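Colleague: Residue numbers (UniProt numbering), protein chains in the order written: chain A, 1 to 250; chain B, 1 to 284.
Derived by calculation from the structure, the hints in this document are not laboratory data. In this text, all values refer to a predicted model and were calculated from it rather than measured experimentally. Please note: incorrect hints may appear among the correct ones.
Stated by the list, open to error - Lysine to aspartate or glutamate pairs mimicking DMTMM-like chemistry, simulated, CA-CA at most 20 Å apart:
(1) K97(B) - D171(A)
(2) K98(A) - E169(B)
(3) K137(A) - E124(A)
(4) K97(B) - E7(A)
(5) K97(B) - D58(A)
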Amino acid sequence: MSELQVEHVNVYYGTNHVLKDISMAIAPNTVTALIGPSGCGKSTFLRLFNRMNDLIDDFRYDGRILLQGQNIYASDVAVEELRKRVGMVFQRPNPFPKSIYDNVTYGLLLQGVRDRAVLDHAVEHSLRQAALWDEVKGDLRKSALALSGGQQQRLCIARVLAVAPHILLMDEPASALDPISTAKIEELIHELKQQYTILIVTHNMQQAGRVSDKTGFFNYGQLIEYDDTRTIFTQPHHEQTQNYITGRFG
Amino acid sequence: MNSMARNRLADRIFRVVGLLATLLGLLLLAIFLWGLLRTGLGRLSGQFLSSLPSRFPERAGIYTALLGTVWIMVLTALLAVPLGVAAGVYLEEYGRKRRWAALLEINITNLAGVPSVIYGLLGLEVFVRFLRLGSSVLAAASTLALLILPILIVATREAIRAVPRSLREASLALGATRWQTIWYQVLPASAGGILTGIILALSRAVGETAPLLVIGVLAYVPFAPSQPLDEFSALPVQIFNWISRPQHEFGVNAAAAIIVLLVITFGLNGVAIYLRNRWRQQLP
Ligand SMILES: Nc1ncnc2c1ncn2[C@@H]1O[C@H](COP(=O)(O)OP(=O)(O)OP(=O)(O)O)[C@@H](O)[C@H]1O
Ligand SMILES: [Mg+2]
């Protein structure tokens, strides 16, 4: 069974029709890359899965999105519970202006976890998973804002992992980072695939090729092509896709 | 003359005019302070601060008025701060899309501009007469609380609005409810701005004279208030009373009392500026 099932989804911002009749099935423990020119609706699509678009005043949608068979937009779904299962990493690192420790434990505190031993364990475990432990273990009380951009982004990943979601949404997680930090994040994605289902938006074709199993190409709000990453990059079925990945537009 | 040279000339003229305007303001303030200090500084003493009011200017002090001012400051803060901050948070976080909230917003901005005498009349009717609080500390503090409520609401909303959207999104995306996000992220991040607003509002309240006169606050009260329903005096009322007397010595007393009042308000403003700077440095 697929982890995520998108069925005929349309999204509007006011009268602006930004996603048009999108259908897609995503298998568990895969990495799916979402590519396409700027403004084609990748972020909007990604933010459907943790209902972050709900915060936008004139957001409207129709269609269905099923997470393990359950419609996440059904009226009896608690958005907070959904967001614990579907974690998100943003384009710009956005740590809380608190200590490293407090950043990682935030999600657990929200759930009422107060046991010191549990929190300590979660902090070490998540920071190790996010490949940040060795760099910060000496001073977990340091302000997160004192970390480098790449470290901050890995902290944001650790913060999400601490909540133990099933799905990770990443919106250009490495676009603000240098090549070394980017490589670390890509390595991380490989590791995390064992336990998580990952959706990643990227403008970097090489990155999409390196990290993903499946790739979806969006243009003007439509899902033009969705297939194995290898197929998309070697023999795409649509000329638009071919043009985009070879850099002829977008 | 080409347009570049003209722009540069206009720029220079503007700078000179701006400088003159600033200097004029500072000069007037300096003259005022100089006159005040020359008249009043000699009268300031421990005796002046700790004496009760009296018919004899040289024996009179501001003890009861000073304590009265401290009382209304604390009580006004206790009444206005929770209400103002809560209303600001509600309007900014929950009421933004509602039509009546827009209506409220216009009215609150207008209320901030209503002359303080009007608040005094409202306080007289509602607190002094209808609720039978008399000319007590509580009645005065309630009136001043109403007066600064709009300022607090506006300051709270502005401080909250300055919190970056990314902070909220980070919190919500981790499964926080709206209220958890406000409590753990938005309020701490805007605390500096809110606190600055509170202090500026309080320093405004401390200097208000008209509403206190309207609700009948006395100049001659021979004891310091010991509970909220006591009658009391306050510095601005004492100053007003002394200034309106013919004897020169009372004028000296007034100048000395004004210095005390100015120290309080400048002190409060100084704290506000300090907090604002510290808060600015902390933002990411
Ligand atoms: N909050 C919003 N309100 C109204 N319209 C929006 C909003 N956010 C995005 N849009 C519009 O929706 C469309 C898709 O935007 P989206 O951010 O999903 O694109 P994107 O593919 O992520 O682009 P980029 O690669 O530049 O991040 C754009 O036309 C954009 O103008
Ligand atoms: Mg985007």
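Colleague: Each of the hints needs a verdict: does it hold here or not?
Modeller: How the hints compare with the structure:
1. K97(B) - D171(A): 28 Å, violated
2. K98(A) - E169(B): OK: K98(A) and E169(B) at ~16 Å, within 20 Å.
3. K137(A) - E124(A): Between K137(A) and E124(A) the Cα gap is close to 8 Å, so the pair holds against 20 Å.
4. K97(B) - E7(A): This hinted pair is violated, its Cα atoms lying about 30 Å apart.
5. K97(B) - D58(A): 11 Å, holds
Violated hints, in rising order: 1, 4; the structure is consistent with all others.
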